[in-house]
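Visitor: Here is what each chain is made of, one letter per residue.
There are 2 protein chains.
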Amino acid sequence: MRSVAIIGVGSTPFGKLEGRSLVDIAVAACREALADAGIHREKIQALYIGNFIGERLVGQGALAGVVANRLGMSGIPATKTEGACASGGIALRLGVLGIALGLYDLVLVAGAEKMTSASTAEVTAGLATAGDEEAEMRSGLTFPGAFAIITREHMARHGTTREQVGLVSVKNHGLGAANPKAQFRKPVRLDDVLTSRLIADPLRLFDCPPISDGAAAAVLCPADWARDLHRQPVRVLGTGHATGPATLWEMDDITTFPASVRAAQEAYAMAGITPSDIDAAEVHDCFTTAEIVATEDLGFFARGKGGHAVAEGWSAPDGKVAVNPSGGLIAKGHPVGATGCAQVYELVRQLRGEAANQVRNCEFALAHNLGGTGVVSTVTILGRL
Amino acid sequence: MRSVAIIGVGSTPFGKLEGRSLVDIAVAACREALADAGIHREKIQALYIGNFIGERLVGQGALAGVVANRLGMSGIPATKTEGACASGGIALRLGVLGIALGLYDLVLVAGAEKMTSASTAEVTAGLATAGDEEAEMRSGLTFPGAFAIITREHMARHGTTREQVGLVSVKNHGLGAANPKAQFRKPVRLDDVLTSRLIADPLRLFDCPPISDGAAAAVLCPADWARDLHRQPVRVLGTGHATGPATLWEMDDITTFPASVRAAQEAYAMAGITPSDIDAAEVHDCFTTAEIVATEDLGFFARGKGGHAVAEGWSAPDGKVAVNPSGGLIAKGHPVGATGCAQVYELVRQLRGEAANQVRNCEFALAHNLGGTGVVSTVTILGRL
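Taken in sequence, the protein lines are chains A and B.
Every letter in the first sequence is one number past the one before it in the working numbering, and letter 175, counting from 1, is 182.
Every letter in the second sequence is one number past the one before it in the working numbering, and letter 289, counting from 1, is 296.
Everything labelled a hint here was simulated from the structure, so no lab data went into it.
Computed from a predicted structure; not experimentally measured.
Heads up, a few of these hints could be off.
Since the list can't tell identical chains apart, any single copy or any two copies may satisfy a pair.
25 Å max Cα-Cα, derived SDA-like pairs, lysine to any residue [claimed, not checked]:
1. Lys-23 - Thr-123
2. Lys-50 - Arg-169
3. Lys-23 - Ala-142
4. Lys-50 - Lys-193
5. Lys-50 - Pro-265
6. Lys-193 - Ala-163
7. Lys-327 - Arg-310
8. Lys-312 - Arg-359
9. Lys-50 - Met-8
10. Lys-50 - Leu-108
11. Lys-312 - Pro-20
12. Lys-327 - Ser-124
13. Lys-50 - Arg-238
14. Lys-327 - Ala-125
15. Lys-327 - Pro-151
16. Lys-50 - Thr-123
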């Protein structure tokens with residue numbers, strides 16, 4: 008396999024992007040990534056785009072072809088991937104493999120979602136399609152509900168406290184405050200989290216990500232071309248993609264997602280590094296608890312110690328590993344299909360030394376994207392070239 | 008690149024599959040393909056599945072992970088592709104490339120759609136998401152409407168007659184009558200077509216495919232393994248994937264789809280054969296006119312002569328090239344995401360000599376899948392191994 012580099016990234020701001028369609032924001036992120044890479048659109052040989060529920064929320068399917076056409080790239084093979092909240096991570100992985108395996112030399116990867124134009128009820132029902140409808144979600148379970156159950160189990164099994172869970176929100180909102188692309192730009196105190204509106208006991212409003220619009224994109228090429236094309240290329244060191252149980256009731260232990268563990272193992276093995284080498288990680292904190300679970304599944308902290316770790320500051324920017332320096336899904340926002348690519352946008356900027364909450368001496372970075380309650384996960388490891 | 012073979016295919020019947028969910032039918036087609044290949048599910052290294060609007064019509068997203076889990080393959084990387092009606096063809100292409108480029112040795116590819124549980128209005132609105140919502144479909148255009156405009160233009164520009172267009176329906180319903188998997192099993196006369204209910208002038212009910220449930224699947228491996236695994240493996244000789252304009256108003260000539268032309272050129276070049284070598288073709292007859300356009304875009308007949316060709320019997324099973332021997336989308340049915348894989352199901356059986364409407368001495372076969380009004384297309388060329 009050829010070594011792959013990222014030579015350009017782009018992202019819209021995340022939030023309520025009034026008057027801008029799903030296609031508009033995908034195109035904007037792609038143009039920013041192409042400009043950052045200094046690559047003309049006509050040089051791009053393939054497009055992969057992650058999107059979850061454009062057909063349902065905004066009436067737009069076939070997004071890859073529509074975006075290719077709007078970008079003036081009509082002709083090239085364009086592929087939309089969907090794996091719920093991991094849609095963007097899957098698109099990125101296909102782009103990386105396309106270059107690694109020698110199929111293409113210049114690939115554009117993007118993720119996008121437009122959610123704020125739909126009602127909260129429509130969004131909640133749409134997000135619930137990430138579960139196994141027939142085998143679990145038909146019961147009326149929602150994703151806040153599922154992660155509330157997981158939170159209770161993490162507390163019961165590992166002694167995690169409600170306060171530790173809330174500290175994820177405090178950390179991430181604090182980081183989001185400094186990120187100009189973030190949806191929420193205001194720090195919150197632990198007391199704010201613990202007294203915010205109850206959503207699904209014990210999860211409260213500030214344990215949850217907002218409903219967001221947003222898109223992010225990256226331009227990929229073979230690593231041995233990268234130095235000639237960009238002053239600060241980033242190398243893709245490893246990639247992993249795995250599936251897991253689609254329902255909670257099939258899992259032996261609902262405080263760990265086998266798909267994350269397997270995808271991470273694959274990515275670490277390919278990169279030839281270990282969790283302790285990672286300086287910055289964007290992990291899938293679709294709820295506060297999900298960050299705690301992710302930091303354990305990715306091997307940053309011992310099983311059951313994710314709550315303790317955040318309380319000790321181990322996941323702060325100056326801790327053992329900076330977790331979600333962008334503010335994560337909780338503060339930066341979670342336009343579902345965009346998230347996997349937005350994580351890479353942040354980490355490329357970290358590795359270049361350009362991030363809003365810059366992690367010192369950032370050499371190795373990891374992006375972790377999760378779909379549903381662990382039905383699919385991708386992990387990507389990046390390093391300086 | 009390694010040469011790729013298909014060693015197993017499966018398909019549910021197409022039609023109204025009462026009481027069977029989207030996941031159920033995808034799993035059934037996959038199991039049939041695995042059984043045909045004689046491969047245990049644990050040997051499969053990756054799953055690609057095409058589906059268009061499961062999130063919208065039946066509340067089921069993240070289909071690849073959910074199906075992998077239900078099949079007992081939880082763990083493997085599973086990817087859902089969506090490119091409207093070409094979703095299945097894109098999944099197939101990714102599976103072929105995964106083996107061709109040496110990433111995997113045994114891959115399962117599937118396509119599935121469950122449509123009959125939704126209302127006709129929901130289906131029509133859902134299908135319309137295959138167009139560019141903002142730039143064209145917001146006008147109220149539907150797909151029958153778009154293909155009616157294309158039909159009128161084909162008649163005006165090329166002298167195609169309403170009768171010639173109707174003869175596609177007569178041919179395909181006649182072939183579907185013999186296909187046990189087809190939704191419509193009754194021949195129709197030209198007069199039946201021309202007096203059937205007007206849908207979008209000049210297209211009538213029998214010019215349109217039905218609303219269908221169905222799934223199809225295939226097992227792929229390197230060609231040099233195939234002889235040891237199946238008595239009659241089929242070789243994938245070529246694959247093409249291209250995009251085109253997303254709206255009618257951007258096209259210089261709406262009687263040809265540049266995406267089909269480009270995907271076909273790519274596939275023919277890879278296979279090292281020409282259109283006249285093709286013995287059987289499953290083409291994307293989402294409307295009668297679409298078959299006429301496809302037979303021209305694929306190079307079977309001269310530009311503008313597709314209507315003449317069907318009237319002359321050149322696309323009949325004993326003609327120059329047997330077009331849609333399965334009955335095509337019009338008679339076999341069109342569960343959107345399944346179609347690209349169902350075409351390959353039919354062609355593998357043609358190449359093995361097992362088809363319901365067997366084409367004599369079938370050596371080379373072509374599958375053509377189209378999304379929207381040509382926003383994306385895939386072409387796959389198969390031959391005997």
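Visitor: Treating 25 Å as the Cα threshold, decide for Lys-193 and Ala-163: within, between, both or neither.
Guide: neither (32 Å within a copy, 62 Å between copies)
Visitor: Check Lys-312 against Pro-20 for me: Cα-Cα at most 25 Å, and say if that holds within a copy, between copies, both or neither.
Guide: Answer is neither: 33 Å inside a copy and 51 Å across each miss the 25 Å cutoff.
Visitor: Given identical chains, is Lys-50 near Arg-169, meaning Cα to Cα at most 25 Å, within a copy, between copies, both, or neither?
Guide: neither (51 Å within a copy, 43 Å between copies)
Visitor: Is it within, between, both, or neither for Lys-50 and Arg-238, if the alpha carbons may be no more than 25 Å apart?
Guide: For Lys-50 and Arg-238, only the intra-copy Cα distance (19 Å) is at most 25 Å; the inter-copy one is 44 Å.
Visitor: Between copies, within a copy, both or neither: which fits Lys-327 and Arg-310 at Cα up to 25 Å?
Guide: Close inside one copy (16 Å), not across copies (66 Å); limit 25 Å.
Visitor: Checking an output row: Lys-312 and Arg-359, CA cutoff 25 Å. Within, between, both or neither?
Guide: neither (31 Å within a copy, 58 Å between copies)
Visitor: With 25 Å as the alpha-carbon cut-off, assign the pair Lys-50 and Pro-265 to within, between, both or neither.
Guide: between (39 Å within a copy, 19 Å between copies)
Visitor: How would you label the pair Lys-23, Thr-123 (within, between, both, or neither) given a Cα cut-off of 25 Å?
Guide: within (6 Å within a copy, 35 Å between copies)
Visitor: Checking an output row: Lys-50 and Thr-123, CA cutoff 25 Å. Within, between, both or neither?
Guide: neither (34 Å within a copy, 43 Å between copies)
Visitor: Evaluate Lys-50 and Lys-193 at a C-alpha cut-off of 25 Å and name the case that applies: within, between, both or neither.
Guide: neither (41 Å within a copy, 50 Å between copies)
Visitor: When no copy is named, should Lys-50 and Leu-108 be tagged within, between, both, or neither for a Cα gap of at most 25 Å?
Guide: both (19 Å within a copy, 22 Å between copies)
Visitor: With identical chains treated as interchangeable, where does the CA-CA distance between Lys-50 and Met-8 reach 25 Å or less: within a copy, between copies, both, or neither?
Guide: Answer is both: 22 Å inside a copy and 23 Å across each meet the 25 Å cutoff.
Taken one by one, the earlier hints fail for this structure at numbers 2, 4, 6, 8, 11, 12, 14, 15 and 16, listed in ascending order.
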